[in-house]
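Residue 1352 in this note's numbering sits at position 257 of the sequence shown, with consecutive numbering throughout.
Please keep in mind that the hints were generated in silico from the structure rather than gathered at the bench. Nothing here was measured: the structure is a model prediction, and the numbers come from that model. Hints are supplied without guarantee of correctness; some may be wrong.
Here are the simulated SDA-like cross-link-like pairs (lysine to any residue), alpha carbons at most 25 Å apart as the crow flies [to be verified]:
| id | residue 1 | residue 2 |
| --- | --- | --- |
| 1 | Lys1239 | Lys1339 |
| 2 | Lys1239 | Val1218 |
| 3 | Lys1389 | Ala1404 |
| 4 | Lys1389 | Phe1407 |
| 5 | Lys1339 | Ala1404 |
| 6 | Lys1239 | Lys1264 |
| 7 | Lys1239 | Leu1197 |
| 8 | Lys1479 | Leu1374 |
| 9 | Lys1339 | Asp1405 |
| 10 | Lys1389 | Lys1479 |
| 11 | Lys1239 | Arg1207 |
| 12 | Lys1479 | Met1466 |
| 13 | Lys1239 | Gly1283 |
| 14 | Lys1239 | Gly1155 |
| 15 | Lys1389 | Arg1411 |
Here are the in silico distance ranges between beta carbons for each label pair [to be verified]:
| id | residue 1 | residue 2 | range |
| --- | --- | --- | --- |
| 16 | Ser1262 | Ser1298 | 50 to 58 Å |
| 17 | Asp1294 | Gly1392 | 35 to 43 Å |
| 18 | Glu1250 | Met1317 | 28 to 36 Å |
| 19 | Glu1250 | Arg1336 | 26 to 34 Å |
Don't be surprised by glycine CBs; every beta carbon is placed ideally from N, CA and C.
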Amino acid sequence: MADEVPAPVLRYDVATAPVTLLGAAGAEVVLDDLDAVIWTRDPRTYRCTSVTRGLERLTGWTADQWCLDVVSWSERVIHENDRVRVVAALRNVVADGEPRQLEYRLRTANGRVLWMRDAMRPVIAPDGGTAAVQGVMIDVTARKEIDARLRERAEELTRLATALERSNKELDAFAYAASHDLRAPLRGIANLAQWIEEDMHGSLTEGTREMLALMRSRMHRMEALIDGILEYSRAGRVHHRPDKVSVGRLVRDVVDLLAPESATVWIQSGLPDVLTERLPLQQVFHNLIGNALKHGGEGVQVDVRARDADAFWEFRVEDDGPGIAPEFHDRVWGIFQTLEPRDKVEGAGIGLSLVKKLVESQGGRVWIESMAGAGATFAFLWRKTASPAEGE
1096 MADEVPAPVL RYDVATAPVT LLGAAGAEVV LDDLDAVIWT RDPRTYRCTS
1146 VTRGLERLTG WTADQWCLDV VSWSERVIHE NDRVRVVAAL RNVVADGEPR
1196 QLEYRLRTAN GRVLWMRDAM RPVIAPDGGT AAVQGVMIDV TARKEIDARL
1246 RERAEELTRL ATALERSNKE LDAFAYAASH DLRAPLRGIA NLAQWIEEDM
1296 HGSLTEGTRE MLALMRSRMH RMEALIDGIL EYSRAGRVHH RPDKVSVGRL
1346 VRDVVDLLAP ESATVWIQSG LPDVLTERLP LQQVFHNLIG NALKHGGEGV
1396 QVDVRARDAD AFWEFRVEDD GPGIAPEFHD RVWGIFQTLE PRDKVEGAGI
1446 GLSLVKKLVE SQGGRVWIES MAGAGATFAF LWRKTASPAE GE
């Protein structure tokens, strides 16, 4: 077994300088070559008695320029805002025998300001008194600059978060006011159409009846559009406390609510439980399954599956409907976007954009796998466990 090598020890001899590091074999490594600056001071006058050559490399000051009485030294070298506490720290080390660590600014020979971290300690003489005050200085300017930039970024993020919160509140107020102002004339038009139909019931032609029915249909669509805009504006911004959600039960509830008549919805057994907010996940499944039923055609088959994806579950809503050509895969996620005329398929064109916004607000992503005429799969990633920011 190899002999153990004792750890190096720091030895200081008041009569000699500089401080040296002595190894077990007695080989002497001069601390002048270290990047740190090691200094000693007289415990009575606080005058510097020795300093390593790293000082000149770091600050441009020579040992003679540095080793002045404490008043001259502090006025020449220490930043005016730090002088009092640096000198006080030196005196306190001697007074109570306790080491000190502090950070302060000093001026280099060419006028540059550096931040230094200085660890001071007393050197105890054989008689128990303080033989010297010893310190090790390192340059922490780069770290201080990084800290300052991080503080600036943090302050900027705080300002942005405050502005975003204010903007969201204004958006909520605007959306609510706009929806109220838009609904009022719609109700008036609906009432007018109803009065016309009731008052002129016996004299209305078939064409007029169809026009009135079309008018009511347009008004219902406009109301749905207003509701969709409100829902989209709030999606992903209102959080509730996460809870354990059985995805299988949630999907069955969604299918019961949609009540498909001529379609079949198959749900994979053993769908997982997730710790999440129930409502956003329910909205996602409601819109995706509803979209498949709406566009899949008569007798469409819809399958709901899940598979493990590390920190996420990958959920898939598959149908055997007409499919979506690849060139439209990006377009369908846009708000108010539909691939068929609105007169042919009812809808505000908000459902899939709402899905995308909800999924991304939970840290996931959503995509399409489809070819024209070959069915479509809408897949999305959902966290297994809600992130800490959610539910606050």
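We went through each hint and held it up to the structure:
1. Restraint check for Lys1239 and Lys1339: not satisfied, since their Cα atoms lie roughly 45 Å apart, outside the 25 Å limit.
2. Between Lys1239 and Val1218, the direct Cα distance comes to roughly 30 Å. Violation of the 25 Å bound is thereby established for this hinted pair.
3. Between the alpha carbons of Lys1389 and Ala1404 the distance comes to roughly 29 Å, so the proposed pair goes past 25 Å and is violated.
4. For the proposed pair Lys1389 and Phe1407, the alpha carbon gap of about 28 Å is over 25 Å, so the pair is violated.
5. For the given pair, Lys1339 sits about 19 Å from Ala1404 by alpha-carbon distance, which is consistent with the 25 Å threshold.
6. With a C-alpha separation of about 37 Å, the suggested pairing of Lys1239 with Lys1264 is violated against the 25 Å cut-off.
7. Only pairs whose Cα atoms come within 25 Å are accepted, and Lys1239 paired with Leu1197 is accepted, the gap being roughly 13 Å.
8. With a CA separation close to 15 Å, the supplied pair Lys1479 and Leu1374 stays within the 25 Å bound.
9. Taking the CA atoms of Lys1339 and Asp1405, the gap is about 18 Å. The hint holds against a cut of 25 Å.
10. Restraint check: the Cα-Cα separation between Lys1389 and Lys1479 comes to about 29 Å, which exceeds 25 Å; the hinted pair is violated.
11. Simply put, Lys1239 and Arg1207 have alpha-carbon atoms about 15 Å apart, close enough for the 25 Å limit, and the pair holds.
12. A C-alpha spacing of about 30 Å is found between Lys1479 and Met1466, which places the hinted pair above 25 Å, so the restraint is violated.
13. Annotation: proposed proximity of Lys1239 to Gly1283 is violated, straight-line Cα distance about 66 Å (limit 25 Å).
14. Between Lys1239 and Gly1155 the alpha-carbon distance is near 21 Å, which keeps this suggested pair within the 25 Å criterion.
15. About 17 Å separates the Cα atoms of Lys1389 and Arg1411, which keeps this hinted pair within 25 Å; it holds.
16. Separation of Ser1262 from Ser1298 is about 54 Å and conforms to the stated range, judged on CB atoms against 50 to 58 Å.
17. For the hinted restraint 35 to 43 Å between Asp1294 and Gly1392, the CB-CB distance of approximately 41 Å keeps it satisfied.
18. Between Glu1250 and Met1317 the Cβ separation comes to about 45 Å, which falls outside the hinted range of 28 to 36 Å.
19. Restraint check, Glu1250 to Arg1336: a C-beta distance of roughly 30 Å satisfies the suggested window 26 to 34 Å.
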